[in-house]
Amino acid sequence: MPNLKMTLLENSISFFLESVSKAIQAESDEDKWKFAILLLVQAIETSLKERLRRTNEIFVYSNIDKPRHTVDLGLAIERLEKISKVNLKQPDVKCIKTASELRNQIVHFEFDLSIDQIKSNFVSLVGFYTSFCRDHLESDIVSQLPPKLHSELLNLDSYIEELEKRASERMTAEDIPDDEIWECPGCKKDTFVVYDGIDTCYLCGHSEPVVECEQCQALEFEEDLEQVDFGNMKGWENYKSLCKDCFYKLENENPYEEYY
Numbered sequence: 001m002p003n004l005k006m007t008l009l010e011n012s013i014s015f016f017l018e019s020v021s022k023a024i025q026a027e028s029d030e031d032k033w034k035f036a037i038l039l040l041v042q043a044i045e046t047s048l049k050e051r052l053r054r055t056n057e058i059f060v061y062s063n064i065d066k067p068r069h070t071v072d073l074g075l076a077i078e079r080l081e082k083i084s085k086v087n088l089k090q091p092d093v094k095c096i097k098t099a100s101e102l103r104n105q106i107v108h109f110e111f112d113l114s115i116d117q118i119k120s121n122f123v124s125l126v127g128f129y130t131s132f133c134r135d136h137l138e139s140d141i142v143s144q145l146p147p148k149l150h151s152e153l154l155n156l157d158s159y160i161e162e163l164e165k166r167a168s169e170r171m172t173a174e175d176i177p178d179d180e181i182w183e184c185p186g187c188k189k190d191t192f193v194v195y196d197g198i199d200t201c202y203l204c205g206h207s208e209p210v211v212e213c214e215q216c217q218a219l220e221f222e223e224d225l226e227q228v229d230f231g232n233m234k235g236w237e238n239y240k241s242l243c244k245d246c247f248y249k250l251e252n253e254n255p256y257e258e259y260y
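Using the working numbering, you'd call the opening residue of the sequence shown number 1 and step up by one each time.
Treat the hints with care, as some may be off.
[What the hints assert, rightly or not] Within a straight-line C-alpha distance of at most 35 angstroms, the following computed DSBU-like cross-link-like pairs (lysine-lysine) qualify:
#1 K34 <-> K97
#2 K165 <-> K97
#3 K249 <-> K97
#4 K82 <-> K165
#5 K89 <-> K34
#6 K249 <-> K165
If you're looking for bench data, these hints aren't it; they were derived computationally from the structure. As the structure is a prediction and not an experimental result, all values here were calculated from the model.
Let the hints inform the model, and build the full structure from the sequences given.
Shown next as structure tokens:
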């Protein structure tokens, strides 16, 4: 009986093609979206491993002294930058981390994203994947898509562009200041409006509390604030919510007197 043997790149492309197929099916069966995302993340992870393999096959393994388990997305990024000297732009690093977060949500937690959020993330991840394969693996992935799948994928892309256009028009009509528009944690687009306490994404509808840092009064997503107990000599609790910058100063510069 013949064995099925595929290179890392062939495996990655196979994951990608199946992912796009699932995404198209998801237009009429939304349950297919989780499989589309999972397969796309696998395609991305495998492509990163292929680039590491081209540097040295041993770098594909998390422990080079005991080459059994392969690297995860985080370690792959680190090695690509430090060892393979692959210059990943910050948006690309963010895209890879988004891929990891989405997979963790699907596999280990409750998966609770709107369809618009899922589509937006899917299109962004496809963009990263095809660019990475072109720039670092000399492979034109899009050309390997069957014509029908390619056409349907472009329709998904156009859908997100239409949502972005409508969100932009709404923000302009409401005179939302540019500095009060953030990147949405849900769809990863610059369409989250914090102006006047709106705290909602105009593209995907994601809502999340935005509050002030109790030290510098800078606005932050509530879940990004660090809870620090300053207490007192009597052991009473005295929690303050600090933004990342203030928490960093507290941890590294130790300016306690500024926080009381």
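Status of each hint after checking the structure:
Of the supplied pair hints, the one linking K34 and K97 holds, its CA atoms being roughly 17 angstroms apart against a limit of 35 angstroms. Only pairs whose Cα atoms come within 35 angstroms are accepted, and K165 paired with K97 is accepted, the gap being roughly 26 angstroms. For the given pair, K249 sits about 25 angstroms from K97 by alpha-carbon distance, which is consistent with the 35 angstroms threshold. Between the alpha carbons of K82 and K165 the distance comes to roughly 38 angstroms, so the proposed pair goes past 35 angstroms and is violated.
For the proposed pair K89 and K34, the alpha carbon gap of about 27 angstroms is at most 35 angstroms, so the pair holds. With a CA separation close to 39 angstroms, the supplied pair K249 and K165 exceeds the 35 angstroms bound.
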